[in-house]
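Visitor: The chain contents come next:
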Amino acid sequence: ETGVTQSPTHLIKTRGQQVTLRCSSQSGHNTVSWYQQALGQGPQFIFQYYREEENGRGNFPPRFSGLQFPNYSSELNVNALELDDSALYLCASSIRTGGSYGYTFGSGTRLTVV
Amino acid sequence: GENVEQHPSTLSVQEGDSAVIKCTYSDSASNYFPWYKQELGKGPQLIIDIRSNVGEKKDQRIAVTLNKTAKHFSLHITETQPEDSAVYFCAAKQSGTYKYIFGTGTRLKVLA
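Residue numbers (the numbering used here), protein chains in the order written: chain G, 1 to 114; chain A, 1 to 112.
Because the hints were derived from the structure by calculation, they are not lab data. Mixed in with the good hints, there may be bad ones.
[Unchecked claim] Reference excerpt, derived from the structure (chain A facing chain G, CB under 10 Å, subset only):
1. Val4
2. Tyr32
3. Lys42
4. Leu46
5. Lys99
Cβ coordinates follow ideal geometry from the N, Cα and C atoms, glycine included.
Model the full structure from these sequences, guided by the hints.
Guide: As structure tokens, then:
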């Protein structure tokens, strides 16, 4: 059973650029959630995808967008990067069935905006 | 809005002693409370969880207690070992959503 894999592991971008982060969910999981973790803070919910549609969104502007593919993998896109977007971006997969809530997190992508 | 407060922010204990981390949540509709351990350079790893219809759950050296009335839940680690050193996060999930609200984390150091 493979876990959640994210790519790339590290990334440096310039303010104003766009970035795409990728996530492969754990085998058997059909839901993907994205979180932003600033240094020294807990993860903050960005959004969740289920059946290729966004299903819930946190307090993030529209320049944060995503996709989920038929194989349940996912992308997080951020446009017009700002310095404050520098953070660890975590992908978490889960099974959306009654009574099952547990996330499996990937190791994250460390994004630095300069 | 929903909020989870976590204390303490740092905790140092001697190897073999117990460690307790406490969290308070604001949304009474929360129904699931996981605890995650995050080591340097890695993503959070689920170590134990509890649902709102249960008051206590134990897994070897780790236990979690939940007081729904006071909206408190706590992580208890007994017989701590150096490999328990990490950052621990509590979280709360609101009923009807799949969104977790995380606490700000506790850096646990177990001194050998």
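Visitor: Indicate, hint by hint, whether the structure satisfies it.
Guide: Cross-check of the supplied hints:
Of the supplied interface hints, the one on Val4 of chain A holds, with its beta-carbon coming within about 8 Å of a beta-carbon of chain G, less than 10 Å. The closest approach between the C-beta of Tyr32 of chain A and any C-beta of chain G is roughly 5 Å, which is under the 10 Å cut-off, so the hint is satisfied. Below 10 Å, beta-carbon pairs count as interface contacts, and Lys42 of chain A has one with chain G at about 5 Å; its hint therefore holds. The interface hint given for Leu46 of chain A holds, since its Cβ lies 6 Å from the closest Cβ of chain G, which is under the 10 Å cut-off.
Interface hint at Lys99 of chain A: satisfied, since its Cβ lies 5 Å from the closest Cβ of chain G, which is below the 10 Å cut-off.
In this structure, every one of the numbered hints holds.
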